[in-house]
Amino acid sequence: MADAGMLRFHVPEPEVRPGGTPDFSNVTIAAAGSVPRPDIDVDPRTIRDMAFSIIRVLNRDGEAVGPWAGLLSNEELLEGLRHMMTLRTFDARMQMAQRQGKTSFYMQHLGEEAVSCAFRKALEPGDMNFPTYRQAGLLIADGYPMVTMMNQIYSNEADPLKGRQLPIMYSSKEHGFFSISGNLATQYIQAVGWAMASAISNDSKIAAGWIGDGSTAESDFHSALVFASTYKAPVVLNVVNNQWAISTFQGIARGGSGTFAARGLGFGIPSLRVDGNDYLAVHAVAKWAAERARKNLGPTLVEYVTYRAGAHSSSDDPSAYRPKTESDAWPLGDPIVRLKNHLIGLGAWSDERHAQAEAEILDTVIAAQKEAESHGTLHAGGKPSTRDMFEGLYAEMPPHLRRQRQQAGV
Amino acid sequence: MPRRTMIEAIRDAMDVSMGRDDKVVVFGEDVGFFGGVFRCTQGLQAKYGKSRCFDAPINESGIVGSAIGMAAYGLKPCVEIQFADYMYPAYDQLTQEAARLRYRSNGDFTCPIVVRMPTGGGIFGGQTHSQSPEALFTHVSGLKTVVPSNPHDAKGLLIAAIEDPDPVIFLEPKRLYNGPFDGHHDRPVTPWSKHQLGEVADGHYTVPLGKAAIRRAGSDVTVLAYGTMVYVAQAAAEETGIDAEIIDLRTLLPLDLDAIVASVKKTGRCVIVHEATLTSGFGAELSALVQENCFYHLEAPVARVAGWDTPYPHAQEWDYFPGPARVGRALIETLEA
Numbered sequence: 001m002a003d004a005g006m007l008r009f010h011v012p013e014p015e016v017r018p019g020g021t022p023d024f025s026n027v028t029i030a031a032a033g034s035v036p037r038p039d040i041d042v043d044p045r046t047i048r049d050m051a052f053s054i055i056r057v058l059n060r061d062g063e064a065v066g067p068w069a070g071l072l073s074n075e076e077l078l079e080g081l082r083h084m085m086t087l088r089t090f091d092a093r094m095q096m097a098q099r100q101g102k103t104s105f106y107m108q109h110l111g112e113e114a115v116s117c118a119f120r121k122a123l124e125p126g127d128m129n130f131p132t133y134r135q136a137g138l139l140i141a142d143g144y145p146m147v148t149m150m151n152q153i154y155s156n157e158a159d160p161l162k163g164r165q166l167p168i169m170y171s172s173k174e175h176g177f178f179s180i181s182g183n184l185a186t187q188y189i190q191a192v193g194w195a196m197a198s199a200i201s202n203d204s205k206i207a208a209g210w211i212g213d214g215s216t217a218e219s220d221f222h223s224a225l226v227f228a229s230t231y232k233a234p235v236v237l238n239v240v241n242n243q244w245a246i247s248t249f250q251g252i253a254r255g256g257s258g259t260f261a262a263r264g265l266g267f268g269i270p271s272l273r274v275d276g277n278d279y280l281a282v283h284a285v286a287k288w289a290a291e292r293a294r295k296n297l298g299p300t301l302v303e304y305v306t307y308r309a310g311a312h313s314s315s316d317d318p319s320a321y322r323p324k325t326e327s328d329a330w331p332l333g334d335p336i337v338r339l340k341n342h343l344i345g346l347g348a349w350s351d352e353r354h355a356q357a358e359a360e361i362l363d364t365v366i367a368a369q370k371e372a373e374s375h376g377t378l379h380a381g382g383k384p385s386t387r388d389m390f391e392g393l394y395a396e397m398p399p400h401l402r403r404q405r406q407q408a409g410v
Numbered sequence: 001m002p003r004r005t006m007i008e009a010i011r012d013a014m015d016v017s018m019g020r021d022d023k024v025v026v027f028g029e030d031v032g033f034f035g036g037v038f039r040c041t042q043g044l045q046a047k048y049g050k051s052r053c054f055d056a057p058i059n060e061s062g063i064v065g066s067a068i069g070m071a072a073y074g075l076k077p078c079v080e081i082q083f084a085d086y087m088y089p090a091y092d093q094l095t096q097e098a099a100r101l102r103y104r105s106n107g108d109f110t111c112p113i114v115v116r117m118p119t120g121g122g123i124f125g126g127q128t129h130s131q132s133p134e135a136l137f138t139h140v141s142g143l144k145t146v147v148p149s150n151p152h153d154a155k156g157l158l159i160a161a162i163e164d165p166d167p168v169i170f171l172e173p174k175r176l177y178n179g180p181f182d183g184h185h186d187r188p189v190t191p192w193s194k195h196q197l198g199e200v201a202d203g204h205y206t207v208p209l210g211k212a213a214i215r216r217a218g219s220d221v222t223v224l225a226y227g228t229m230v231y232v233a234q235a236a237a238e239e240t241g242i243d244a245e246i247i248d249l250r251t252l253l254p255l256d257l258d259a260i261v262a263s264v265k266k267t268g269r270c271v272i273v274h275e276a277t278l279t280s281g282f283g284a285e286l287s288a289l290v291q292e293n294c295f296y297h298l299e300a301p302v303a304r305v306a307g308w309d310t311p312y313p314h315a316q317e318w319d320y321f322p323g324p325a326r327v328g329r330a331l332i333e334t335l336e337a
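Taken in sequence, the protein lines are chains A and B. Okay, so the first sequence: first residue is 1 according to this note's numbering, each after it adds one. Okay, so the second sequence: first residue is 1 according to this note's numbering, each after it adds one.
So that you can see chain A by itself, here it is in the shape it has in the complex (with noise of 0.2 angstroms):
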């Protein structure tokens, strides 16, 4: 044997590096419909090649196609694409503040849009997302007000977090979005406490965890998977795979196990992968995973496979780690290019409506914009106080907080 006597280690590298040709002729993309729409009820370990597969309902012409199509009506999608559209707006806007300093950080979700806002659309009043810091559509779907969002993103006087939270870390129990953490995989095992709770009590409610390609290599990864394999906890566990990691291609944290879908087979949980860049396929999956956490059915782990093509942050420059054109490349294209051609197709849209609402939703946007800074930025107009830093770590201050608030004067 040639490679006998020496070690050799083994770093996973990406197909192509800044100043390579993008290449994605190794993604194997299964064609839309192809991939069969089982019983809630079956068997797991019946369905096993469906963590390999891709779940598609749009095809390259746009229509609708396959068992898992059929579920919206045309005002339900149209809704879903202005959900969308709203929620790449405000993204653009808010990048923008950021830039011009009114903030000190942001996260956009662009090519991203529909996991969020299709998943929020599968879900009941009183189901508990427990959300990453790129699912802001769970709120836009949910008719959250963008001003509040955007009074937290400046921290400023009308932040319902009080200035406490780095901006876009939203918390909102009434929407069903549990407060974000800033760290990862933590709020994963969380989900599945959550769900255990909702079933103690014996009520109808569901969660949902939601985590990225690079975190499920989080312990807690691992200890949510237990705990929702063991007490067949009524959650749906959401790995948004949008194949980078700041700079870490997802082989980094997917290692040899093919997909991140895979990693739930161990478990026995029904695991899927669906093409997170098509709002159809995302609202069927999440529908059909929802409906097996309510009947009892236990979790569903599901993999989003998309692709993030903005920066991570406002603090990030992709140009340092990946080609420039990666992103128009990517196999599955743009969530709301793929929508709008499809409610073309069905005759129940055009590109004249598509460009009159885009400056609608602009006009909005900027409306609350400017409403959110009336009440102040980060660094400029109306904040949180001083004393709002010592307030409501306890439900009662304890006495050396006392002190330390007197201390510094408030």
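There may be inaccurate statements among the hints.
Dumping the calculated DSS-like pairs for lysine-lysine here, alpha-carbon to alpha-carbon at most 30 angstroms [unchecked claim]:
| no. | chain 1 | residue 1 | chain 2 | residue 2 |
| --- | --- | --- | --- | --- |
| 1 | B | K50 | A | K295 |
| 2 | B | K50 | A | K232 |
| 3 | B | K194 | A | K295 |
| 4 | B | K194 | B | K23 |
| 5 | A | K370 | A | K173 |
| 6 | A | K173 | A | K287 |
| 7 | B | K50 | A | K173 |
| 8 | A | K324 | A | K287 |
| 9 | B | K23 | A | K295 |
| 10 | A | K232 | A | K287 |
| 11 | B | K211 | B | K194 |
| 12 | A | K232 | B | K23 |
| 13 | A | K173 | B | K23 |
| 14 | B | K47 | A | K232 |
The hints are simulated quantities; they were obtained by calculation from the structure and are not laboratory data.
With chain A's structure known, arrange chain B on it following the hints.
For chain B alone, kept in the frame of chain A given last:
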């Protein structure tokens, strides 16, 4: 008044709490059918069912992480970490999640959990079954840390902790489970059934968090202690004949600073005793507070007696443990200073 061991008192606290509030759930490793390796949850699953008391996988981060999710839902989880030495995988969930949830969400979500864990050495547990990590919790904004020293307090403090709206770390000195161990490892321990603080009332009562207790009134020197060290200090006072005032802190955070300051101003001397390692231990915080608040009343330097700054050894356990001889020496030196 019924007499109970500390184990029985802790079990009774959970029993009473589960009986009063069906939002209280208890889980952890070996906690369900078997009733826990120290038997603190024995009988709770049979009485309240598997939805209220159940076994968890060996995954401390998962136990605490899922408890946080349950608390966010509206339950009141009281979980067990089998040994305090096993809590480190859960440290991220405790310090960055449980501790900050109320604050970071401005009260939108809260985290009323109790994390029980046996602490301290003296059972030949070696370096992974003997630790006293209280300072790792008192350093964290948003947690409360409780260390009971007797069955009566253990029950009342645990019920108070379960009813508290914020996360509470509940450290149970395992050497006290069956009696008031005073550090004389070569002598039999008096069982709680023969000790006044083994009297544990039936039913519901609380001992408030944040209130210390004076275990021995005295005028020569103030001893600040908690958990097992309360009895070690008592033995040291008796054996040296020094009229020490021994304060059992009971809750480290929030701390009963008023009780400490009143006593040190009276005695003018202070010895701090804990089993945890010395450097950056909770004694450092206590010493700084005494200095800041009582400087002009002090007649001697504040002394600390603590575990040596090594891992908890196995064979040399009694060389490591800050027993009555070491505490006694510190009392004498403080009086002679």
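Each hint, compared with the structure:
1. B/K50 / A/K295: holds, 20 angstroms
2. B/K50 / A/K232: At roughly 14 angstroms apart (the allowed maximum being 30 angstroms), A/K232 and B/K50 satisfy the hint.
3. B/K194 / A/K295: With Cα atoms ~55 angstroms apart, B/K194 and A/K295 exceed 30 angstroms; violated.
4. B/K194 / B/K23: violated, 35 angstroms
5. A/K370 / A/K173: holds, 26 angstroms
6. A/K173 / A/K287: holds, 21 angstroms
7. B/K50 / A/K173: Roughly 28 angstroms separates the two Cα atoms, so the pair holds.
8. A/K324 / A/K287: violated, 35 angstroms
9. B/K23 / A/K295: Measuring from Cα to Cα gives roughly 23 angstroms; hence the hint holds.
10. A/K232 / A/K287: holds, 18 angstroms
11. B/K211 / B/K194: Satisfied, since the Cα-Cα distance of roughly 25 angstroms is no more than 30 angstroms.
12. A/K232 / B/K23: Roughly 20 angstroms between the alpha carbons, so the hint for A/K232 and B/K23 holds.
13. A/K173 / B/K23: Distance ~19 angstroms between A/K173 and B/K23 Cα, so the pair holds.
14. B/K47 / A/K232: holds, 23 angstroms
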